[in-house]
Amino acid sequence: GENVEQHPSTLSVQEGDSAVIKCTYSDSASNYFPWYKQELGKRPQLIIDIRSNVGEKKDQRIAVTLNKTAKHFSLHITETQPEDSAVYFCAASNAGNMLTFGGGTRLMVKP
Amino acid sequence: GAVVSQHPSWVICKSGTSVKIECRSLDFQATTMFWYRQFPKQSLMLMATSNEGSKATYEQGVEKDKFLINHASLTLSTLTVTSAHPEDSSFYICSARDRAGSSYEQYFGPGTRLTVT
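Sequence order for the protein chains is A and B. Quick note: the first sequence uses the numbering used here, first residue 1, plus one each step. Quick note: the second sequence uses the numbering used here, first residue 112, plus one each step.
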């Protein structure tokens, strides 16, 4: 089955700096890679996703890059704000079927 | 659009009792729903895939006789935790895919926090 690894597990940045979270996956058949933001006790919120036919996608301060050959994808958050503080999860799936999640990254943005 | 609800949002039960959690897609039909469990400070782990009108597919290590899943309609799936024990205390989250949509996105419910005393 699919295995998704995520790094780092915790990340502390100063407000205004950039944050980068990286994930690797094992199943070459995976073709959908969403990123979620989860606040304590709440549901995961989709913040951006990318399909395997695209190498990069951007939405305002958030971008995701995908390297299919190396089987890794990354989340980039620019101009971080304190409200970006949360746990972020990457995930991978095949054709929208079951999602396999990474271990999560606790992002802390210090004012 | 694409709203998924769960009920109850939290529940406390005594060891040995059973608890039923409902997952509903409110404005779309979901052929497939997924049940996840999340322990504190951990990731979401898929427990089972629930398909409307057929038996659920359980992940390795998940006891199908303990976690009963029923997907009786295109908008409702239920998870029943039978003979609950304190180690079953966790955050249970469902998700659903819109069968009419072309997106791969899954829509998550708000989760149910189960505490077994």
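Hint data in this document are derived by calculation from the structure and do not stem from the laboratory. Errors might be hidden in some of the hints.
Derived SDA-like pairs: lysine to any residue, alpha-carbon spacing no greater than 20 Å straight-line [what the hints assert, rightly or not]:
no. : chain 1 : residue 1 : chain 2 : residue 2
1   : A       : LYS42     : B       : LYS177
2   : A       : LYS110    : A       : THR78
3   : B       : LYS152    : A       : THR78
4   : A       : LYS57     : B       : LYS152
5   : B       : LYS177    : B       : PRO119
Status of each hint after checking the structure:
Restraint check: the Cα-Cα separation between LYS42(A) and LYS177(B) comes to about 25 Å, which exceeds 20 Å; the hinted pair is violated. Between LYS110(A) and THR78(A) the CA atoms are separated by roughly 14 Å; this keeps the pair inside 20 Å, and the hint holds. A threshold of 20 Å between alpha carbons decides the hint, and for LYS152(B) with THR78(A) the separation of about 25 Å lies outside it, so the pair is violated. A hinted pair counts as satisfied when its Cα atoms are at most 20 Å apart, and LYS57(A) with LYS152(B) does not qualify at roughly 29 Å.
A threshold of 20 Å between alpha carbons decides the hint, and for LYS177(B) with PRO119(B) the separation of about 19 Å falls inside it, so the pair holds.
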